[in-house]
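Keeping the supplied structure of chain A fixed, place chain B upon it in accordance with the hints.
For the protein sequence lines, the chains are A and B, in the order given. With the numbering used here applied, the first sequence corresponds to residues 4 to 665, in that order. With the numbering used here applied, the second sequence corresponds to residues 54 to 714, in that order.
None of these hints come from the bench; they were simulated from the model. Quick caveat: nothing in here was measured; it's all calculated off a predicted structure. Check the hints yourself; a few may be wrong.
[What the hints assert, rightly or not] Ranges between beta-carbon positions, derived for each pair:
#1 A:635 with B:179: 36 to 46 Å
#2 B:111 with A:127: 47 to 57 Å
#3 A:174 with B:111: 31 to 41 Å
[Unchecked claim] Every beta carbon over 10 Å from chain B, so not counted as near; a handful from chain A, in silico:
#4 6
#5 12
#6 14
#7 32
#8 35
#9 85
#10 89
#11 177
#12 264
#13 275
#14 283
#15 370
#16 551
#17 602
[Stated by the list, open to error] Capping the alpha-carbon separation at 30 Å, the derived lysine-lysine pairs in DSSO-like fashion look like this:
#18 A:225 with B:91
#19 B:125 with B:91
#20 B:680 with A:225
#21 B:125 with A:652
#22 A:652 with B:176
#23 B:704 with A:225
We put the CB at the ideal spot given by N, CA and C, even for glycine.
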Amino acid sequence: MPVNPDLQRERESATFAVEELTHVKDGGKGKTVRRRYIESLALNDSDFDWSDRSFITRDEEYSLAVKHGILIEQKIKKYNITDQEEQNAFRNTVMRKRQGNAIGLHTLMFIPTIKGQGTEEQQKKWLPLAESMQIIGTYAQTELGHGTFVRGLETTATYIPEKEEFIVHTPKLTSFKWWPGNLGKTVNYAVVMAQLYSKGKCYGVHPFLVQLRSLDNHQPMKGVTIGDIGPKFGFNSTDNGYLGLDHVRIPRTNLLMKYAKVLPDGTYVKPPRDKLAYGSMMYVRVAYLHMSAEALAMACTIAIRYSAVRRQSEMIPGEREPQVLDYQSQQMKLFPQLATAYAFYLTQQKTYQLYLGLLDDLRKGEYSSLQDMHALTSGLKAFVTSAMSNGIDVCRLSCGGHGYSHTSGLPELYTMYTHFQTAEGENTILLLQTARYLMKCAGNAMSGDKQTGQVGYLSDTTQENSNIKSESDVLSFEELTNVYKHRAQRLVKEAAMKLQTEMSNTKQQHVAWNSCHIELLTAATAHVHYFIVQAFIDTLKTTEMADSARSILTKLCQLYAMYGIHDNAGDFLHDNYLSPHQLSMVTKQMVNTFALLRPNAVALVDAFDFPDGILASTLGTYDGNVYEKMYQWANHSPLNKDEVHDSYKYLQPMLTSKQSKL
Amino acid sequence: MNPDIQKERERATFTAEQLTYVLDGGRHKTKKRRLMEKIIFHDPDLQCPDHSFLSKNESFNAATKHSIMMEKKIQKHKIKSDEDKAMFRMIASRRKDTISLPVHHLMFRPTIVGQGTEEQQRKWLPLIDNMTVIGTYAQTELGHGTFIRGLETTATFDPKTDEFVLHSPTLTSMKWWPGNLAFQSNHAIVIAQLYTKGQCHGIQPFMVQLRSLEDYRPLPGVTVGDIGPKMANNGYCNGFLKLDNVRIPRENMLMKYAKVERDGTYIKPQSMKLAYGSMVLLRVAFTKTAAEALASACTIAVRYSAVRRQTEQTPGGVEPQILDYQSQQYKLFPALAAAYAFYFASESLNNIYQQIQQEIKTGNIASMTPLHVISSGLKAFSSDVMNCGIETCRLSCGGHGYSHASGLPGLYGRATALCTVEGVNTVLYLQVAGYLMKCASMAASGQTLPDLVAYISKPPEQQWSVRNGTDIMNQAVSAYEHRAQRLVVAAAQSLQGEMTAGKAQHEAWNNSHIALIKAAKAHTHYFVVKCFVNFVRSKDLITPDNVKSVLETLCKLYVCYGIHENAGDFMQDGYISGEQIALVTNQISGLLATIRPNAVALVDAFDFKDEILGSVLGCYDGNVYQKMYEWAKQSPLNKDEVHESYYKYLKPMLQANKSKL
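Bound conformation, chain A alone (with noise of 0.2 Å):
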């Protein structure tokens, strides 16, 4: 078919490169023609079936997820993609068309973990047999009762030395593992997380490997209660589950060693104090960031390209129904997601340099930064994953009733990836988290202690009042920073100022923190906000680029600046930091922007680059031809297999007892 003649002419009026940007966007050229090899060699490759799982079941869901987890780790092998990031993007690809993998947790958390915690022994033992899928397994940790909280956890590993094993119990249903990924039907081992105890002793949580099924018939070992926990939001190819453990014996060199270890006779031997483990963690939230902006770049493309095809309503009386994204109220939702989208894509890549960093820093023995990162990429994948959730959930809602159907691809884009805002760290408590460490800085930089890192701003002298004088200065880098600067010294030091308020009032360290959480969150957004701003700069300043592709991202950068003073309007008049003239003048820069993108919008969201067989939405095709695929996709809907539906069985009886009545 050819492209809709729209989306054609909107193409045709970008003032840049679409290309550049894409490379842009992954990081370098060299990287973008590794994405789309990756890409393609899973598109393209036949014996996966990329069918629309919208008209499936759950069972034949998580069926096609096994059988798709499997092929994933053997196509890996076949076209030898050794790289473990290039491995990551080959199985990322399926989440990103919203398909399953029932065996994504062995790759991704159970032969880390066992590489990370496991002796040199027991990783000779272990992973071959892993790597080469005789066993396959997931990593057990929150249970029924207890998330977050780790050391909360019930269950129990207790160390019986006359057998030399330990007995793992779930003592009660609340200690019943609960929504480990893949372990309900597909799993046969597990790194169960649970208290130590030896000689009546307990020394807190610690990693235990256990079988659960047999190898031979894959029947649950005995004491091993196991099942699916049911239907959820999204992620429904994937075999959540639960696991009760009735006594079940394990050997002691079943216990990961490389830290702590408990000997022969019981007697537990602490770990050196470690805090490489923390690399792991900021890890995954680095990779958190990197999924989100890819999300909601997604839900930006699916919007854009259908606003730029429906048209809707005369602006004129008797003319032709103009493009929806004409409309400035289109734009308002629309183009702040798009520019957010951006600054996640370089917001992640400068993290990921400071990530590196610390690597380096911490392989020297160097720790004075640790804390400052962990406290930073815990506020972002906060901050990242909910403003992504939320920015979905607006490109949907553009797309009017369409959008609801699952058509657009837009319910499930929401549904599956929301989860990222309460699975590895709900966000509430990743934000307190951070408050936490932004409140010992603030003190130190009261008392005169100079700060450094990403926190260094807080004993800077504050500037009272902005110096924007013109529309012109809105645009100034230097003057959106300072802004967002201002703003996070400001939040930053009245929450420590009302904690320590609170503190001698009640004299209760726990009482005064729980009356200031909505201090604190706001603090801690504040901080990360600014670190998002400064961070879509320096990329951009730092990053070699074609001009025109350049100009066009500064435009997107300073939008999603204004956006954030616009939207968040009180926090910058409160202190009159910004005057309400001043605040006028960056309302009016943003919707002026709006104008400078308008005829790049398409080509904006083109660059994302992003194959159909992975939007896997009629509303977003990139040949536009949104109606004909749209009811093309209706037909495959299997209650439109007969012409009158079964259930006429129960209208049926009701009808003829009336005909005679008409």
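Just chain B now, with coordinates in the frame of chain A:
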């Protein structure tokens, strides 16, 4: 009962039951509702399966069966009034996926009542009421939604045969989305552009038969089917419809307003303003639906937060109920206050509607437009707030909120549709703004405005007079009034500015969308605040003082939270100062603590039975974990200990790999 939740109920400062009466509109109404619930929930024929575990096809079958059973029971129990029938259907369908024929009852029949002549009503209503004719309302098309003048389906009068020819000329003109259209309806009211004597007279409603009453096959020229799965509501089928020169008799055009005579002469309708009435009622109902959806989400999240314990606050101490965390209260209590606010706003709107009906009888229709406008605004505003609020509640339940066991994903999936049906919210806000702009220019030229918008012409106040926390309730309405007034004027100035700069009217309008939507939201927010404040302070509110006092606290939280969240709007012109904002924010912490002991009682007062909530996290007795486990065991994947995919995929791989070692 879970001891924590038991304790919560004991420590409440008021009796939940008393508040339930207030919400239901009187004790007798509560009694009646409960009686109906008892009949329905104890009837073995009206039990329904958990749709979480069904395929779309199974779900649709189950829902159809259930709907037919509902109608039989309505007859059996001799339920006569429309209101009671609606209540029966609402309860029996548990507000869940089980509802199957709502469009027949809520749109198809009312359209014939509202738009059909007496003769047409006499013909069709008996057939509809005994369910011989099952119908739907087919308006939106694949390429056309909210803008109904853009619809493409045509109805061309053929004077030779005294018939209309209904036709879908293009792919984009296919009817798309109407509920119950795909397989259940044998008739539809099709909205089409009327052509007669070569002239188009705009859209009109036509009664079209779609399926044979003999074998239910689509009639010649009719292509009809399911549009495919959606975010939720999959037990309920939305359809598409293509008409290929389908002929219907002339009298199948609903002719209460416009008419076409035998010779094809078109007779224009008189004022359409009266037709607004049914739209107002529909939007009042939507606001109530939004309130109930948000209230359900709050019930689930608040009860679960009283049961769930997490993270020790002092080393070695007991893990507190998560409801004790200020951050959790800050998520849930504003949502709870908003749910109450929307109950009272829809109630007030309903009362105003009844009042205005009286005025109309005396020939005074001046208030019809502002009423219609505020009902549009309220539908948009309440569904927006509900949409975010349900998600906040879901996220406040952590990981478990993500499971269908919580009921929250399903609730969100169904309720979020309110944001786009019956007028996309943005379009509704712009309609509200259109009227407000008219009012602003009337005010500027010194004309008097109807009550609901009279504030626009008041002289603006310069400064909010609040000095301390106790002043806030007395000055709440004036703060929101001031903000609405300022934003209406600002939008009008933006429009004027664009026009002065030489922009055409449509361009000026488009360039002011942001300001216009802000004004419309502020106008609606003001209305909601006014309703809430008036309600809790009303002399007619007959309820014990402790109930009044807890409502007043909720109302104050609603007021303060709105100012805190929209601080920029109130500070932009210096009306509220930074210090006053700080005062308001401080009040919020105090209000959260005051509400805390009453939180569970406040959600109990909504009185949603477990059968209606459909949530293991939100069950009344708080035995959350036990029920989660029972629920999970029903997952179809758990049918066999070893899933069939093991034999198909895993086993061959595991064995092949084994031999390699």
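Quick one: which hint numbers does this structure break? Sort them smallest to largest.
Numbers 11, 18, in rising order.
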